[in-house]
Structure formats: C-alpha cells, structure tokens
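**Student:** Using the sequences provided together with the hints, build the complete structure.
Chains as they are written, first to last, in the working numbering: chain A, 1 to 181; chain B, 1 to 193.
Don't read these hints as lab results, they were simulated from the structure. A few of these clues could be false.
Stated by the list, open to error - Facing chain A, from chain B, some residues (calculated, C-beta under 7 Å):
no.	residue
1	Ile57
2	Ser59
3	Val102
4	Arg103
5	His175
Ideal placement from N, C-alpha and C gives every residue a C-beta, glycine not left out.
Chain by chain, the residues run as shown.
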Amino acid sequence: MTLRSLLGAALGVALVAGEVSCVAYRGPRGVEAAIEREIGAELEREFGLKLGWTSTRLVGSLTRSDAGDEPLDLRDLTGIGVAVFAVPEGARPPRRLDARRLGLRGWETVIDVRDEGEQVLLLAKPRGGAIREMLAVVYDGEEVVLARLRGRLDRLIGRMLGAAEEDGARGARRALPVSEI
Amino acid sequence: MRFLLPVILVLPMMVTAPAAAADTEIERLDGFVDGSAFCGLAGEDDEVVEVHLGPSILSALARGAGEDPDIAPVLEGLRSITACVVSLRGDPARAERAERLVRETEVRLERGGWERLARVRDAEERVDVFVRNDERIVRGVTVLVMGRGDGEVVFVNLAGTVDLARIGEIGDTLHVPGLDEMKKGETGPGEGR
Chain A
1 MTLRSLLGAA LGVALVAGEV SCVAYRGPRG VEAAIEREIG AELEREFGLK
51 LGWTSTRLVG SLTRSDAGDE PLDLRDLTGI GVAVFAVPEG ARPPRRLDAR
101 RLGLRGWETV IDVRDEGEQV LLLAKPRGGA IREMLAVVYD GEEVVLARLR
151 GRLDRLIGRM LGAAEEDGAR GARRALPVSE I
Chain B
1 MRFLLPVILV LPMMVTAPAA AADTEIERLD GFVDGSAFCG LAGEDDEVVE
51 VHLGPSILSA LARGAGEDPD IAPVLEGLRS ITACVVSLRG DPARAERAER
101 LVRETEVRLE RGGWERLARV RDAEERVDVF VRNDERIVRG VTVLVMGRGD
151 GEVVFVNLAG TVDLARIGEI GDTLHVPGLD EMKKGETGPG EGR
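**Tutor:** Quick look at the structure:
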C-alpha cells in the first residue's frame, strides 16, 4: 500500500469521524506563487491533503503495523500537509530555489541539497525550545512537493543529513516521512 | 491613521527581526567563519549539501536529545554549525578554484588567530582542521577537506563552546558532513604532513 492511498484511506476515515481535513491544500500561503515567479510558469496541482492530529495518528498506526513494507516513521507526527504540483512544459528551471525568496517568515533553512536539477530544502520553525514544525520543498524539474510536518521532528534533521550525505537530493527526499507520495 | 502608520511600519520589522538578529549573533561569534564561497563553487548540476544549524535549532536539538543525554550538553554549547559539501565532478577548472579557495581560507584563518590542529595529506584527500581558542575554551572549529579522487570539497564550521573530545558524537548523531574527517585528524597536530 502506498502512502498516498493510505493517506486517502485515513482521510476517508477522518471525514467519517468528523475531523476537518482539507483536500485542497496548496502549502503555506505564498510559496506556490513564489515558486511560480521563480520558474515563470503556473504550477498545476496534482495532489493536496492536510491531516489533523487524529488522522495523522491513524496513518501513523497503520504504517506502524505495516512497517515491514513502508520505510516510514510517522509515529512522531501530529499533523501533515502535502501538496504536489506538476511543473508545466516550458517552465524556466531555476538555478536553485532560494528559501529567502519563498515568502516564508519565521522559518530557518536547515538543509539545502541540490543534485542534477533536483533540490530539497528543509526549513524548520523552532518554537519554545523545540522543533515542532518543518517544511520540505522538493523540486525536480517535473514536480514540486510541499510537505508541512508537525510533531516531534528533531530526529528528522539527523536522518535527512545522513541520507543527503549518502545519496544527495534523492537521499534527502527519501528520508522525508512522506516521500512515498 | 496617524497612529496606525508607525504600527504598520514597525510590525514587519518585528516579524523579521528575530531571524536577522540570529544571523548577526552568529556572524559576531569568535569561532564563526563564513563558508558561503565554498557553496558558490557549485555549478548548475553539481551535488551540493548546505547545512545551517543556528542557535535556536541547536538548542531545540539539545532538548530533543533525551534518548542520548550525553550529546545534549555538547549541542547546548554550540551556537552555529554550518557546512557546505560540493562535488566538483572532476571539473579541473573548478577543482583548481576550490584548491585556491582552500589555500586562501587557510591563510585567512592563520592570520585571524586560528591554530592548525591537524593536517592530513594522502593520495585521496587533504584535510585541515583549525581551532579558535579563547584561554582554555575552544570557540570554533573549521574543517577543510579537498578530495583529489572524488573531486569533493568540504567546508565545516562549528562556533560556540566546542568540546573537541565529543565532536565525533555530533557527527555521528547529526550526520554533519565532514566531521568524520576530525577522526582522521586525531593523530595530533602536524602529523601526516
């Protein structure tokens, strides 16, 4: 079972259970428009999902029981927002996405990995002495993925750094808990 | 409106001020070295890993190191970890630029009061480790690696209060690239020349 279908199932359960989830999620405000300015083209949204605490825990528990198949660690998450956009043909590939030009305030760039036209940016928003919120921006020339994660995320930094050291941008992308989307 | 205007003008500054203040705080640290020129060596398709861990991130990581309480005090003393790893993919012109940048950085560090802790030279790479001391406290560590075989250049800087004996643990826990090179330099100053 892929994470995308798992998230879909969790969303169905969450909707039945009455938890408000947003299927029109497009990432943090302003980021989509900022990337569009960088590439000189309009992004086409392929997938968007925002899960609250209940549905995220549900996905976490489902993946935990299926841990043999899925290299995921969602147990530390309390919220997920994922938006996937297709990059249209004719878009101008940016040399690099600069986090300072994405219109994000209060976020710190922690890791920036680039490799053969693919880029993974990991930004963190430390608050109250803990890292409870992170944003991953992935660009590979064909797709843009925005993944906003909430929960206990301290360990994700070490995990992504290790993966980036081993296999560049692809490794960093795989280390994301939502990499299967 | 007259009263609103100052609020409108000041509010954006209040929102952006903490990040800017953190950057300024890092740049003022004795042990901080700006390594952005190393990241600038990268071409369009080169593999680049940039790492920026500032005071708030490091303190959050220290608090989150509950499973490994030994690493918490090591992280707490640090105010900044920056790293830049660029794979030059065997481009001789940029490899030459990288070599020049490494040499210029070495000179800059030595003139700036940094002490060379280790120098390792072999067929594969050259590694230089510099420390900045303040009395008996290490305030900064800079590692420069120039790979000859894989054409990779590594810059790492740690600023704050650095426990040299535990620096390998930071590399193991956070996987900061280049810190494993410190282990090669444990033979002592000047060895391996």
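**Student:** Next step is simple, just say for each hint if it's right about the structure.
**Tutor:** The hints, checked one at a time:
1. Interface hint at Ile57(B): satisfied, since its Cβ lies 6 Å from the closest Cβ of chain A, which is below the 7 Å cut-off.
2. Nearest Cβ of chain A to the Cβ of Ser59(B): about 6 Å, under the 7 Å cut. The hint holds.
3. Proximity of Val102(B) to chain A is violated relative to the hint, the smallest CB-CB distance being about 20 Å (cut-off 7 Å).
4. Checking Arg103(B) against chain A: minimum C-beta separation of about 25 Å lies over 7 Å; hint violated.
5. Proximity of His175(B) to chain A holds as hinted, the smallest CB-CB distance being about 4 Å (cut-off 7 Å).
Going down the numbered hints, you'll see the structure goes against 3 and 4, while the others check out.
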